[in-house]
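These protein sequence lines are chains P and R, in that order.
Mind the numbering: the first sequence is residues 9 to 120 in our numbering, read in order.
Mind the numbering: the second sequence is residues 18 to 135 in our numbering, read in order.
Simulated from the structure, these hints should not be mistaken for lab results.
Here a beta-carbon is modelled for each residue, glycine too, at the ideal position from N, C-alpha and C.
Be aware that one or more of the hints could be misleading.
Claimed, not checked - Short derived list, chain R residues pointing at chain P, Cβ under 10 Å:
| id | residue |
| --- | --- |
| 1 | Q23 |
| 2 | N24 |
| 3 | P25 |
| 4 | I43 |
| 5 | E61 |
| 6 | F62 |
| 7 | Q67 |
| 8 | L72 |
| 9 | E73 |
| 10 | F82 |
| 11 | S104 |
| 12 | L108 |
| 13 | Y125 |
| 14 | G129 |
| 15 | T133 |
Claimed, not checked - Dumping the calculated DSSO-like pairs for lysine-lysine here, alpha-carbon to alpha-carbon at most 27 Å:
| id | chain 1 | residue 1 | chain 2 | residue 2 |
| --- | --- | --- | --- | --- |
| 16 | P | K75 | P | K10 |
| 17 | R | K28 | P | K50 |
| 18 | P | K64 | P | K50 |
| 19 | P | K50 | R | K74 |
| 20 | R | K28 | R | K74 |
| 21 | P | K64 | P | K75 |
| 22 | P | K10 | R | K74 |
| 23 | P | K10 | P | K78 |
| 24 | P | K50 | P | K10 |
| 25 | P | K50 | R | K31 |
| 26 | P | K78 | P | K64 |
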Amino acid sequence: QKEVEQDPGPLSVPEGAIVSLNCTYSNSAFQYFMWYRQYSRKGPELLMYTYSSGNKEDGRFTAQVDKSSKYISLFIRDSQPSDSATYLCAMSAPGSARQLTFGSGTQLTVLP
Amino acid sequence: DTGVSQNPRHKITKRGQNVTFRCDPISEHNRLYWYRQTLGQGPEFLTYFQNEAQLEKSRLLSDRFSAERPKGSFSTLEIQRTEQGDSAMYLCATRGPQRGKLSTDTQYFGPGTRLTVL
Chain P
9 QKEVEQDPGP LSVPEGAIVS LNCTYSNSAF QYFMWYRQYS RKGPELLMYT YSSGNKEDGR
69 FTAQVDKSSK YISLFIRDSQ PSDSATYLCA MSAPGSARQL TFGSGTQLTV LP
Chain R
18 DTGVSQNPRH KITKRGQNVT FRCDPISEHN RLYWYRQTLG QGPEFLTYFQ NEAQLEKSRL
78 LSDRFSAERP KGSFSTLEIQ RTEQGDSAMY LCATRGPQRG KLSTDTQYFG PGTRLTVL
């Protein structure tokens, strides 16, 4: 079983919809949680970062972390066709390296 | 553009050849990571440098792989005797002190080098 599981999708929604993306994890040492957006054949682009539990909002994006359930979410409000991409959750534990462990990604398509 | 650059962007090679990729980090970022991403999967950690010291290596990094970061600036990843299973996107990421909107806790990725082994 992978340390980080992510809903595989693909997910297709109409423009303006609210999108919910989710990941679960098994390693209780994870403290740093990130969401990256990746367009086809490009490098991952950091969207949101959250330390430990709680919510964080940035424009149309809200990240939630529930450490008790080992569950993280990303919500996208008023989705736009330009949001069409693969969304990757990533997390790391405290330490010198803090290498990221990623989910497998959810491919999102927002239809105009 | 995160400020992390990678070259080449795409490399096609024949099985058995050696290849080398380069990563130039965001200036002042002393931590540098290499990841590998195959189609339909998330990136997987390969190795980590703090300054010029290679401090962590994944079991994915077989003895055909070697990475260096001389003088703690740019880094190179070399694959010897390439195999078709090495075909993937090789990503470099860096992390460093707080600067503007760049957080010290997060990694910033370059555009990647896509390797195709025929």
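Against the structure, test the hints numbered earlier, and report the numbers of the ones violated in rising order.
Hints 2, 3, 4, 10, 11 and 15 are the ones this structure does not satisfy, whereas the remaining hints hold.
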